[in-house]
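Chemist: Chains as they are written, first to last, in the numbering used here: chain W, 3 to 210; chain G, 14 to 290.
There may be inaccurate statements among the hints.
What the hints assert, rightly or not - Estimated spans, in silico, between C-beta atoms of each pair:
hint: 1; chain 1: W; residue 1: D169; chain 2: G; residue 2: E164; range: 47 to 53 Å
hint: 2; chain 1: W; residue 1: D169; chain 2: G; residue 2: Q108; range: 27 to 33 Å
hint: 3; chain 1: W; residue 1: S156; chain 2: G; residue 2: T82; range: 48 to 54 Å
hint: 4; chain 1: G; residue 1: E107; chain 2: W; residue 2: V54; range: 30 to 36 Å
hint: 5; chain 1: G; residue 1: A34; chain 2: W; residue 2: P30; range: 29 to 35 Å
hint: 6; chain 1: G; residue 1: R44; chain 2: W; residue 2: D100; range: 50 to 56 Å
hint: 7; chain 1: W; residue 1: P34; chain 2: G; residue 2: A195; range: 56 to 62 Å
hint: 8; chain 1: G; residue 1: R269; chain 2: W; residue 2: P34; range: 23 to 29 Å
Said to hold, decoys possible - In silico BS3-like cross-links for lysine-lysine, where the CA-CA straight-line distance does not exceed 27 Å:
hint: 9; chain 1: G; residue 1: K120; chain 2: G; residue 2: K276
hint: 10; chain 1: W; residue 1: K188; chain 2: W; residue 2: K90
hint: 11; chain 1: W; residue 1: K64; chain 2: G; residue 2: K265
hint: 12; chain 1: G; residue 1: K38; chain 2: G; residue 2: K120
hint: 13; chain 1: W; residue 1: K90; chain 2: G; residue 2: K276
hint: 14; chain 1: W; residue 1: K90; chain 2: W; residue 2: K64
These are calculated hints, taken from the structure and not from any lab test.
Virtual Cβ for every residue (Gly too), placed ideally from N, Cα, C.
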Amino acid sequence: MEPAIEAIAIGGSAGALDALSHILPALPPTFPVPIVLVLHIPPSRPSYLPEVLGSMCALRVKEAEDKEPLVAGTVYTAPPDYHLLVEKQRVLSLSVDDPVLFSRPAIEVLFESAADAFGPHLMGVLLAGGSADGARGLARIKRAGGLALVQAPSSAAVRTMPQAAIDLGIVDHALAPDALGTFLAKLGEQPISLSESSHGTVQNSDRR
Amino acid sequence: MTNEIAGANDTDFELRLLLDAIFHKYCYDFRSYAGASLKRRITAALSRFGCETVSQLQDRVLREPALFTELLGYLTVQVSDMFRDPSYFKALREQVVPYLSTYPSIKFWVAGCATGEEAYSLAILLAEEGLLERSLIYATDINPDCLRSAEDGVYDLDRFARFSASYLEAGGRASLSDYYSAGYSSAVLDRSLKKAILFSDHSLATDSVFAEVQLISCRNVLIYFERELQDRAVGVLCDSLVRRGFLGLGMKETLRFSSHAPKLTELVAEQRIYQKL
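Make a model of the complete structure from these sequences and hints.
Modeler: This is the structure we're talking about:
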């Protein structure tokens, strides 16, 4: 039997908020796993991301606190100017280590640590964005046996980020936001597994 | 039979051995540091030292003390800015200084001072509030290289545009340039500030109460610790405060989960400034 998904890590930048507005509303309040989210946000302002996302979906959305245990049905957002990491004990950590690819929070830092903590039980989702941040992290998730999803570049306002992951040849599914929502929602119904669909990785066919 | 710790792999076992080796040989205790960012930083060190595995690094760390000194730079976080989070310094100035000015002499402790930017920011604030003459700031860190460079008080000049903006936002009364002299590409902080600061070695992981002080600033240090070590550290901080003394934490740090929480009350919740009961 394929390993069940126990957490979802999502990363994105420019255009990702729009994608999330299609994905998160598809998920029920009883969603069985936690979602940890890093969006590139400006460092110096308070983030209204939890309020914005919370108003568009039935899940509980909150800014991540240091050493907070992960709870199912909750979306955790990275605070501005901090990296967000997942510990092996399945609690969240914050750090002010150097920015990665000019970003703090950086998607790579989240994906890498979450892959380490959850191994094959993690689903990584890389959304629209104009940087290469996250592609290597998604590869880490894939290498640890997890599931690697991206927003289909053709559906992304800015396609650099998901395309960078596809170019690494590590993506299981490239889907438009609505389809991503449906795909994630299935987690609420039954254990999701790699064998559900064709095993091959998405190639560059989605390129323009 | 193998150990089935959830998701543990060989690298994790090697990391644990490395931290044990460092503790036994050098008495630096990173064993209860939060693992995720520590692992990331050690991985960066591997490529710096040309090691394929953490075991190789351990071998060299044990035999080459000089390499350990350099590795410390990876294990400890050296990120620091002057007047980082200006609203914190503004709150200190407006809501804590009035209390502090009632003491004939005032002691401060910047715990985890890295390269000193925060200690100097505090000294500038105290100078402008007329308190520096009767103030002593202890600034501590575990990294001797950091302490040396903190003591020098020399920083890249190109960082000062950002520092100046933060200084003004923090309620600065003059110009930050009044407090340093600029060379070609570096800024040397004023002697009068350095005179008020005592840099010294202290570990929140292994050492105990440091001194009795009126205010402790310990920001973005606790986030690098596991919950139990956080609790130990907060205990040390608490015990180092006079009654009614103040504790400032990082903007995303909280005492909510700490067993010492009942000993303190929130003074400025938004800026994470607590007062000992």
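Chemist: Indicate, hint by hint, whether the structure satisfies it.
Modeler: Tested hints:
1. W:D169 with G:E164: 47 to 53 Å: With a Cβ separation near 48 Å, D169 of chain W and E164 of chain G satisfy 47 to 53 Å, so the hint holds.
2. W:D169 with G:Q108: 27 to 33 Å: 52 Å, violated
3. W:S156 with G:T82: 48 to 54 Å: 52 Å, holds
4. G:E107 with W:V54: 30 to 36 Å: Distance hint for E107 of chain G, V54 of chain W holds at roughly 31 Å.
5. G:A34 with W:P30: 29 to 35 Å: 49 Å, violated
6. G:R44 with W:D100: 50 to 56 Å: 24 Å, violated
7. W:P34 with G:A195: 56 to 62 Å: 58 Å, holds
8. G:R269 with W:P34: 23 to 29 Å: Holds - the Cβ-Cβ distance for R269 of chain G and P34 of chain W, about 27 Å, lies within 23 to 29 Å.
9. G:K120 with G:K276: 20 Å, holds
10. W:K188 with W:K90: The hint holds at about 26 Å.
11. W:K64 with G:K265: Distance of about 13 Å is within 27 Å: holds.
12. G:K38 with G:K120: Judged against 27 Å, a Cα distance of about 34 Å means the pair is violated.
13. W:K90 with G:K276: 31 Å, violated
14. W:K90 with W:K64: Between K90 of chain W and K64 of chain W the Cα gap is close to 21 Å, so the pair holds against 27 Å.
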